[in-house]
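A.B. asks: Spelled out, the chains give:
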Amino acid sequence: MQVIKLFNQKKTPIVLPEPLTLPEVEFPTDAGAAGPAEVEANVEIARQEKLVQSAQQGDLAAFNELVICYQQRVYNLSYRLLDDREAAADAAQDTFIHAYRALGQYRGGSFKSWLLRIATNLCYDQLRAKVRRPSTSLEAILEEAEESGGVALGYMEDSGSDPQDHAMRHEMVREVGLALQQLPYEQRLIVVLSDVQGLSYEEIVEVTNCSLGTVKSRLSRGRLKLREHLQKNRELSAEDMRP
Amino acid sequence: MDELKLVAETDEDRHQAEWLPWLSLYLDNRLSAVSQPKLEGHLSECAACQEELVALRQTVQALQAIPALKIPRSFTISAAQARTLRPRPLYRAAQFAAAAAAAFLIISFGLDFGGFFADTAIAPVQAVVSQTEETTLVGTRPPAPTCPNNGLACAQSAALTPQAIATPEPVTPVATPLAVITKVSNFEGIRLVELALVGLTLAAGACAFALRPRAPNRLRS
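Chains as they are written, first to last, in this note's numbering: chain Z, 1 to 243; chain E, 1 to 221.
Check each hint, because a few of them may be wrong.
[Stated by the list, open to error] For each label pair, taking beta carbons as the anchor points, the in silico distance ranges come out as:
#1 Z:L212 x E:A93: 40 to 48 Å
#2 E:P67 x Z:P184: 23 to 31 Å
#3 E:E40 x Z:L212: 17 to 25 Å
#4 Z:E38 x E:S78: 31 to 39 Å
#5 E:R191 x Z:G109: 51 to 59 Å
#6 Z:A102 x E:F96: 15 to 23 Å
#7 Z:E38 x E:C46: 35 to 43 Å
#8 E:G114 x Z:G104: 34 to 42 Å
#9 Z:A102 x E:A17: 36 to 44 Å
#10 E:E188 x Z:G58: 43 to 51 Å
#11 E:R57 x Z:V43: 31 to 39 Å
Worth flagging that the hints you see were computed from the coordinates, not collected in a lab.
Glycine included, C-beta positions come from ideal geometry on N, C-alpha and C.
Bound-form chain Z, shown alone (with noise of 0.2 Å):
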């Protein structure tokens, strides 16, 4: 190996330091930065506040733009809950028009919470105070589409599935929903919030105004006696096609 010594203009050498060993550092990863649904998110959540504001303020397009993003929501889950579309569709429009005359009282946090709030109190209020109307429940319109042949069931499926697929995921979709129907009110409404609706355990507790051990124990009991129920339903369905 050459050793090359160096010089100054002094002619006196230069002792150069020796190389430095840098310590093994662990640079910062991106994990605990927010990815880009997460982004997207805190973006729309941003959007929806300056709306609420606005629509505080009075200004009524902007109501309707939130009115837009969560009345599919509040639908679904009215429908959920009291298991007939004309009852679905009164729930989710005295909700909006409570949530109108109310936006006064909305002090901030989680507005989508806030509206749900509404919505789960406008079912049980008319689940209290039900009159048997026509049914227009999941099974008399499953039987309806039947015999139309399976045309216009209402669900947002995308028209290019495999027909038997499609009959077979209907046929899963009727048996959950009826298991459903026959949980009671409290578990119903934390198993759509979190499993139908995907609300986290935190928002189903603004939602409820439960504490996060009611929700757990609820959610659990729920789960477990609706497995119960798509069990017995299942067993049932096969001894009646038994020959």
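Using the hints provided, position chain E relative to the given structure of chain Z.
C.D. replies: Same frame as chain Z, but now just chain E:
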């Protein structure tokens, strides 16, 4: 044999009661750092709980796969509908006026019945009654006593002496219906104020009721 079976069922129930509630939390990654390894250890040994977990997971997946229903119509609110829903400024003013008038009315009634505006001049009323009676007695003469001899008025009667006529006996004031009223308001103006407050409360209340925001029966686009 039956007893053994019964015991086994009870043990199974106890086993289920102990572990099943944890499965739901385990699916959602909500078990604590202490409980999760405990459950995972149990799952590695218990086939029944493994089956339960699989069945539970399938149930949750079935719920998550439920497709969303289409809305039958739009639930947006039109401008005309919004006007009936939001309270107008005049409604708020009428509400405030009715509430304020009612509050003042209650205070006024309370003070009135509590005697805040009561009249304390009871003596002048009795003095007026006494003066009236004295005037009447000074003007009369007692009947003259008749003498048995000639029927003439006896001069020795004490009632006919000039002193008796000039200084009538003092009269005891007699209680009259007027003096029975112990608390008489002499501030007649409070009555007018109370009447005005009643009128204002009723008028503002009627105005607020007429202007109240009303939700239409069903908003249909």
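A.B. asks: Does each hint fit the structure? Answer for all of them.
C.D. replies: Hint by hint, here is what the structure shows:
Distance hint for L212 (chain Z) and A93 (chain E): a CB-CB separation of about 45 Å, consistent with the stated range 40 to 48 Å. At roughly 25 Å, the beta-carbon separation of P67 (chain E) and P184 (chain Z) lies within the given 23 to 31 Å, and the hint holds. For the pair E40 (chain E) and L212 (chain Z), the supplied restraint of 17 to 25 Å holds, since their beta-carbon distance comes to about 23 Å. The hinted window of 31 to 39 Å between E38 (chain Z) and S78 (chain E) holds, with their beta carbons roughly 36 Å apart.
Taking the beta carbon of each, R191 (chain E) and G109 (chain Z) are about 53 Å apart, inside 51 to 59 Å as hinted. Roughly 20 Å separates the CB atoms of A102 (chain Z) and F96 (chain E), a value that falls within the hinted 15 to 23 Å. Taken as a hint, the range 35 to 43 Å holds for the pair E38 (chain Z) and C46 (chain E), whose Cβ atoms sit roughly 37 Å apart. Taken as a hint, the range 34 to 42 Å holds for the pair G114 (chain E) and G104 (chain Z), whose Cβ atoms sit roughly 39 Å apart.
Against the hinted window of 36 to 44 Å, the Cβ-Cβ separation of A102 (chain Z) and A17 (chain E) comes to about 43 Å, which satisfies the hint. In this structure, E188 (chain E) and G58 (chain Z) meet the distance hint of 43 to 51 Å, their C-beta atoms being roughly 49 Å apart. Here the CB-CB span from R57 (chain E) to V43 (chain Z) is close to 33 Å, well matched to the stated 31 to 39 Å.
Checked against the numbered hints above, the structure breaks none of them.
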